[in-house]
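2 protein chains.
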Amino acid sequence: MPTTDDHGDRDIDVEEGHALYELMSTLRAVRRLRPDPIPDDVLARVLQAACWAPTGGNTQPWRVLVVTDPELKEGVAEIYRPEWERYVDFARKRSVAAGLDAAARAAQERTIAAGDHLAAHMGEAPVLLLFVADPARMAITDAKLDRVSMVGGASVDTAVQNAMLACRAEGLGCTLTTLHCHREDEVKALLDIPDSWATVALVPIGYPKGRGHGPITRQGPETMAYSDRFGRSWPVS
Amino acid sequence: MPTTDDHGDRDIDVEEGHALYELMSTLRAVRRLRPDPIPDDVLARVLQAACWAPTGGNTQPWRVLVVTDPELKEGVAEIYRPEWERYVDFARKRSVAAGLDAAARAAQERTIAAGDHLAAHMGEAPVLLLFVADPARMAITDAKLDRVSMVGGASVDTAVQNAMLACRAEGLGCTLTTLHCHREDEVKALLDIPDSWATVALVPIGYPKGRGHGPITRQGPETMAYSDRFGRSWPVS
Chain A
1 MPTTDDHGDR DIDVEEGHAL YELMSTLRAV RRLRPDPIPD DVLARVLQAA CWAPTGGNTQ
61 PWRVLVVTDP ELKEGVAEIY RPEWERYVDF ARKRSVAAGL DAAARAAQER TIAAGDHLAA
121 HMGEAPVLLL FVADPARMAI TDAKLDRVSM VGGASVDTAV QNAMLACRAE GLGCTLTTLH
181 CHREDEVKAL LDIPDSWATV ALVPIGYPKG RGHGPITRQG PETMAYSDRF GRSWPVS
Chain B
1 MPTTDDHGDR DIDVEEGHAL YELMSTLRAV RRLRPDPIPD DVLARVLQAA CWAPTGGNTQ
61 PWRVLVVTDP ELKEGVAEIY RPEWERYVDF ARKRSVAAGL DAAARAAQER TIAAGDHLAA
121 HMGEAPVLLL FVADPARMAI TDAKLDRVSM VGGASVDTAV QNAMLACRAE GLGCTLTTLH
181 CHREDEVKAL LDIPDSWATV ALVPIGYPKG RGHGPITRQG PETMAYSDRF GRSWPVS
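Residue numbers (the working numbering), protein chains in the order written: chain A, 1 to 237; chain B, 1 to 237.
Hint data in this document are derived by calculation from the structure and do not stem from the laboratory.
The beta-carbon is built from N, C-alpha and C at its ideal position, and this holds for glycine as well.
Check the hints yourself; a few may be wrong.
[Claimed, not checked] List time: in silico SDA-like cross-link candidates among lysine to any residue, alpha-carbon distance up to 20 Å:
id, chain 1, residue 1, chain 2, residue 2
1, B, Lys93, A, Met224
2, A, Lys144, B, Arg86
3, A, Lys209, A, Asn58
4, A, Lys188, B, Arg229
5, A, Lys93, B, Ala120
6, A, Lys188, B, Leu145
7, A, Lys144, B, Trp197
8, B, Lys73, B, Gly123
9, A, Lys144, B, Gly57
10, A, Lys188, B, Val148
11, A, Lys144, B, Glu83
12, A, Lys73, A, Ser233
13, A, Lys188, B, Ala143
14, A, Lys73, B, Ser227
15, A, Lys73, B, Val148
16, B, Lys188, A, Met224
17, B, Lys93, B, Asp116
18, A, Lys144, B, Lys188
19, A, Lys188, B, Glu83
20, A, Lys73, B, Pro235
21, B, Lys209, B, Lys93
22, A, Lys144, B, Asp185
23, B, Lys188, A, Val148
24, B, Lys209, B, Ala120
25, B, Lys144, A, Pro208
26, A, Lys188, B, Ser227
27, A, Lys144, B, Asp134
28, A, Lys73, B, Phe230
29, B, Lys188, A, Ser233
[Claimed, not checked] Label pairs and their in silico Cβ distance ranges:
id, chain 1, residue 1, chain 2, residue 2, range
30, B, Asp36, A, Gly220, 22 to 30 Å
31, A, Asp195, B, Asp116, 31 to 39 Å
32, B, Asp134, A, Asp101, 55 to 63 Å
33, B, Ala189, A, Gly99, 29 to 37 Å
Next up, chain A with everything else stripped away, as it sits in the complex (with noise of 0.2 Å):
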């Protein structure tokens, strides 16, 4: 708790609060871009939003590719694009298979037609960020288990959010995209990357072309949180 010689910094506290709050609560994926470009200095807060990033060991294991050229953005588009559509494919047979019902279904729908839109037309945002990580440079801790391995995301996946929550801030759209990595070969080929770094995320970023960003609706701590061990409830009523 603050102490009283505290106050005047918790008063700004406050306000920033609410701010952070704003931007966290409507930064909802936004995948229908429009071509214009976007000004080196709102780019620059971005990718200085992500540097600001925590990494383990504070060794700052990534790199940001900030892709404009028409040609490499549309080698991305044409690599991104097939394995869209086949994630589309598996995600209506998922659906069916789990007896979604018609509201789900329509809602699925709205958001397989926003990634068509993006799948259509990722070489047209004026900017995509694709987050590469060496994972020599990274203490990667569930590494040896058995279980496939999460925690190098610790030291990327931070920035990226961070870049996102500034795009919101600037008034662009964006959306965090995994895909290419079933290609991740090809993507490395084109846009020089070394064999030993990792393509983490691919993050399309432009001003949208409705209204962006927007309330969104997701599960909550009621959901989310457990209180001590796993499976029970938050708050403890």
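Fit chain B to the supplied structure of chain A, relying on the hints for placement.
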């Protein structure tokens, strides 16, 4: 670029942007925490911030354990402590091998001292947030590549970063740790986490003992961002 019609919104975004960048640029790792309890309403906002984060296919495949029980916190601390000691030993040897200069070694020792404090007092932090995730609910696109997988983190660490930014806004100190993964089975047994779930990030939080947050020094876009292809500096001069 915003249209004239959007002008009013843009004014708000500029204010929010300033607040966001102030928070991000001062989100230092805080490892010296006071044992004072965190009010439920503050904790609720931190947890809500995590829940707003994007996840692949919007499946929200993570959960967070809010550990406040003293015995359980001490149990986690006991698992963490020897792993921290092993890590420090490794980090010191690596610095010698890398021929780090005196200033860099001194900076490392300051971080180690703060980490020693965290390891010694982790059980006294008012709250340990343990983020867990279910790989079966994720489409991990790099799981079959011939390198360590990282993409799973994109559906968890976005939430972790949101929670840490919220901690910063609320005046709470925090730091992202992953060393417990070396002994994940013990953590899972202690907290009743099902076999199929993975433990991804452990974030001790509490009000700072000292100044807490403050300016951070990390590499910026001139080092971290590339233009179009890997290795080409951004912005193009």
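Hints, verified against the model:
1. A hinted pair counts as satisfied when its Cα atoms are at most 20 Å apart, and Lys93(B) with Met224(A) does not qualify at roughly 40 Å.
2. Between the alpha carbons of Lys144(A) and Arg86(B) the distance comes to roughly 16 Å, so the proposed pair stays at or under 20 Å and holds.
3. Among the hinted pairs, Lys209(A) with Asn58(A) is inconsistent with the structure: their alpha-carbon atoms are about 37 Å apart, more than 20 Å.
4. Between the alpha carbons of Lys188(A) and Arg229(B) the distance comes to roughly 9 Å, so the proposed pair stays at or under 20 Å and holds.
5. Taking the CA atoms of Lys93(A) and Ala120(B), the gap is about 51 Å. The hint is violated against a cut of 20 Å.
6. Between Lys188(A) and Leu145(B) the CA atoms are separated by roughly 13 Å; this keeps the pair inside 20 Å, and the hint holds.
7. A threshold of 20 Å between alpha carbons decides the hint, and for Lys144(A) with Trp197(B) the separation of about 16 Å falls inside it, so the pair holds.
8. Proposed proximity of Lys73(B) and Gly123(B) is supported: the alpha carbons are some 5 Å apart, at most 20 Å.
9. For the suggested pair Lys144(A) and Gly57(B), the alpha carbons sit about 27 Å apart, so the restraint of at most 20 Å is broken.
10. The suggested pairing of Lys188(A) with Val148(B) holds, with an alpha-carbon distance near 16 Å, which does not exceed 20 Å.
11. This hinted pair checks out: Lys144(A) and Glu83(B) have alpha carbons roughly 15 Å apart, not beyond 20 Å.
12. Straight-line distance between C-alpha atoms of Lys73(A) and Ser233(A) comes to about 46 Å, which puts the hinted pair past the 20 Å bound.
13. Note on Lys188(A) and Ala143(B): the hinted pairing holds, with a Cα-Cα distance of about 17 Å set against a maximum of 20 Å.
14. Among the hinted pairs, Lys73(A) with Ser227(B) is consistent with the structure: their alpha-carbon atoms are about 12 Å apart, no more than 20 Å.
15. As the CA atoms of Lys73(A) and Val148(B) are separated by approximately 26 Å, the hinted pair breaks the 20 Å bound.
16. A threshold of 20 Å between alpha carbons decides the hint, and for Lys188(B) with Met224(A) the separation of about 17 Å falls inside it, so the pair holds.
17. Using a Cα cut-off of 20 Å, the hinted pair Lys93(B) and Asp116(B) holds, with the two alpha carbons roughly 17 Å apart.
18. Between the alpha carbons of Lys144(A) and Lys188(B) the distance comes to roughly 17 Å, so the proposed pair stays at or under 20 Å and holds.
19. At most 20 Å may separate the alpha-carbon atoms for a hinted pair to count; Lys188(A) and Glu83(B) exceed this at roughly 35 Å.
20. For the hint linking Lys73(A) to Pro235(B), the alpha-carbon distance of about 17 Å falls within 20 Å, and the restraint holds.
21. Straight-line distance between C-alpha atoms of Lys209(B) and Lys93(B) comes to about 30 Å, which puts the hinted pair past the 20 Å bound.
22. Under the criterion of a C-alpha separation no larger than 20 Å, the hint pairing Lys144(A) with Asp185(B) is consistent with the structure, at around 13 Å.
23. The hinted pair formed by Lys188(B) and Val148(A) meets the criterion: a straight-line CA distance of about 16 Å does not exceed 20 Å.
24. Note on Lys209(B) and Ala120(B): the hinted pairing holds, with a Cα-Cα distance of about 14 Å set against a maximum of 20 Å.
25. Between Lys144(B) and Pro208(A) the CA atoms are separated by roughly 34 Å; this puts the pair beyond 20 Å, and the hint is violated.
26. Taking the CA atoms of Lys188(A) and Ser227(B), the gap is near 14 Å; set against the 20 Å cutoff, the hint holds.
27. The hinted pair formed by Lys144(A) and Asp134(B) meets the criterion: a straight-line CA distance of about 17 Å does not exceed 20 Å.
28. At most 20 Å may separate the alpha-carbon atoms for a hinted pair to count; Lys73(A) and Phe230(B) meet this at roughly 14 Å.
29. In summary, the hint linking Lys188(B) to Ser233(A) is supported, as the alpha carbons are separated by about 17 Å, within the 20 Å threshold.
30. Distance hint check for Asp36(B) and Gly220(A): the Cβ-Cβ separation is about 26 Å, which falls inside the suggested range of 22 to 30 Å.
31. Between Asp195(A) and Asp116(B) the C-beta distance comes to about 38 Å, which sits within the given range of 31 to 39 Å.
32. Remark: the range hint 55 to 63 Å for Asp134(B) to Asp101(A) is contradicted by a beta-carbon distance near 23 Å.
33. The given range of 29 to 37 Å is respected by Ala189(B) and Gly99(A), whose C-beta atoms sit roughly 35 Å from each other.
Violation of the numbered hints given earlier is confined to hints 1, 3, 5, 9, 12, 15, 19, 21, 25 and 32; the remaining hints are satisfied by the structure.
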